[in-house]
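With the hints as your guide, set chain Z onto chain A.
Here's the letter readout for the chains.
Number of protein chains: 2
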Amino acid sequence: MAHITIIGTGNMGQAIAGLVTRGGHTVQLLGETDAATQVSGDIVILAVPFPAISDVLSARGASLAGRIVVDITNPLDFATFDSLTVPADSSATAEIASALPESRVLKAFNTTFAATLAAGTVGPLTTTVLIAGDDAEAKAALAQVVTDGGLAAIDAGGLRRARELEAQGFLQITLAAAEKISWTGGFGVAA
Amino acid sequence: MAHITIIGTGNMGQAIAGLVTRGGHTVQLLGETDAATQVSGDIVILAVPFPAISDVLSARGASLAGRIVVDITNPLDFATFDSLTVPADSSATAEIASALPESRVLKAFNTTFAATLAAGTVGPLTTTVLIAGDDAEAKAALAQVVTDGGLAAIDAGGLRRARELEAQGFLQITLAAAEKISWTGGFGVAA
Chain A
1 MAHITIIGTG NMGQAIAGLV TRGGHTVQLL GETDAATQVS GDIVILAVPF PAISDVLSAR
61 GASLAGRIVV DITNPLDFAT FDSLTVPADS SATAEIASAL PESRVLKAFN TTFAATLAAG
121 TVGPLTTTVL IAGDDAEAKA ALAQVVTDGG LAAIDAGGLR RARELEAQGF LQITLAAAEK
181 ISWTGGFGVA A
Chain Z
1 MAHITIIGTG NMGQAIAGLV TRGGHTVQLL GETDAATQVS GDIVILAVPF PAISDVLSAR
61 GASLAGRIVV DITNPLDFAT FDSLTVPADS SATAEIASAL PESRVLKAFN TTFAATLAAG
121 TVGPLTTTVL IAGDDAEAKA ALAQVVTDGG LAAIDAGGLR RARELEAQGF LQITLAAAEK
181 ISWTGGFGVA A
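Just so you know, the sequences run in chain order A and Z. The letter at position 26 of the first sequence is residue 26 when you use my numbering, and the numbering goes up by one with no holes. The letter at position 49 of the second sequence is residue 49 when you use my numbering, and the numbering goes up by one with no holes.
No wet-lab data here; the hints were simulated from the structure. Keep in mind the model is a prediction, meaning the values are calculated, not measured. Hints may contain errors.
A pair counts as met if it fits within one copy or between any two copies, since identical chains are not told apart.
Each computed DMTMM-like pair below joins lysine to aspartate or glutamate, with the alpha-carbon atoms no more than 20 Å apart [as the list claims (entries may be wrong)]:
1. K180 with D135
2. K180 with D134
3. K180 with D148
4. K180 with D82
5. K180 with E137
Next comes chain A alone, as it looks inside the complex (with noise of 0.2 Å):
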């Protein structure tokens, strides 16, 4: 059984909650701003918007030494919908690893709605979890939480593909914002 720390309590938090304990794991849900609350997870997920990522990376930094950090971010640039707020070269995830130097970064969840990851389906398709990171040991320990929770999950490869997820991650919601998908849908993965 493993025990995941969730930081933020928004949609995704609660969604990425629901998903780990569905699989009999358990959760500490911490809010973005409850820096008193010492993290007790070995999976660490950071589930706050992309903005708020450098406070908690400031307040928890630290703590997070030796385990596995997740970033679930999409750094959109909210106020022109038209690009991210990272290097294109770059990413948000390559940006936290940085940070995180004794962490094992992942990126996770920045590819599936919160209601994808509640339902368990994306349209007629198992919601698939698409992970990129350079430790494969981590990422089987999250893609296990996954698939415990009844979703699918893919290892997509190194932390350099966290930028390709990012750009998926971006066109979705561009695409759920015009209403050209709903945001119950989105991509889903057919093996």
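Below, chain Z alone, put in the same frame as chain A:
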């Protein structure tokens, strides 16, 4: 009825030709090196690998003026399978549009494997062609051909979104090459 020229007779060119004719439109299918035959289509689909694009544009650029030109490429570095060969803040489509200022350049078909264009399905979902470009009328004309052939089409935004479509196409190819998904599956769209 639209008349479509497809340059390139590989698996993508053939699959797109099948889609076009299923919808009752007509096809001129030209070999990549057949520069002697004049292009006759209102819509011209460049179904050649990205490294062959510059030769096609050199040979045919002038004759593409005024036409809708569709770029379907995924400009992967096939030596490493770890990056694209276009700059991170650009796209193959942006480069083609820059080379063809008098054409109406679109990105499409790069996120759908040939098998899913032929089958009409990605797993249980109808295959969806994502189309990006700055000319709404051109996008609508291509979308009509796609939907007449029995597939779904989504306007994915302006030409700048080609970058995200290429990221998604790249990711999908790496997943298939790593046998995480099959070449008959991939990313489907649940509206």
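Each hint tested on the structure:
For a Cα distance limit of 20 Å, the shortest separation of K180 from D135 across copies, 17 Å, qualifies, whereas the shortest one inside one copy, 36 Å, does not. With identical chains, the CA atoms of K180 and D134 are at most 20 Å apart between copies only, with a shortest distance of 17 Å across copies and 34 Å within one. Taking the closest pair of Cα atoms, K180 and D148 come within 20 Å of each other only across two copies (19 Å); inside a single copy the shortest separation is 32 Å, beyond that limit. For a Cα distance limit of 20 Å, the shortest separation of K180 from D82 inside one copy, 16 Å, qualifies, whereas the shortest one across copies, 30 Å, does not.
Taking the shortest Cα distances, K180 and E137 sit within 20 Å of each other only across copies (17 Å), while inside one copy they are farther apart (37 Å).
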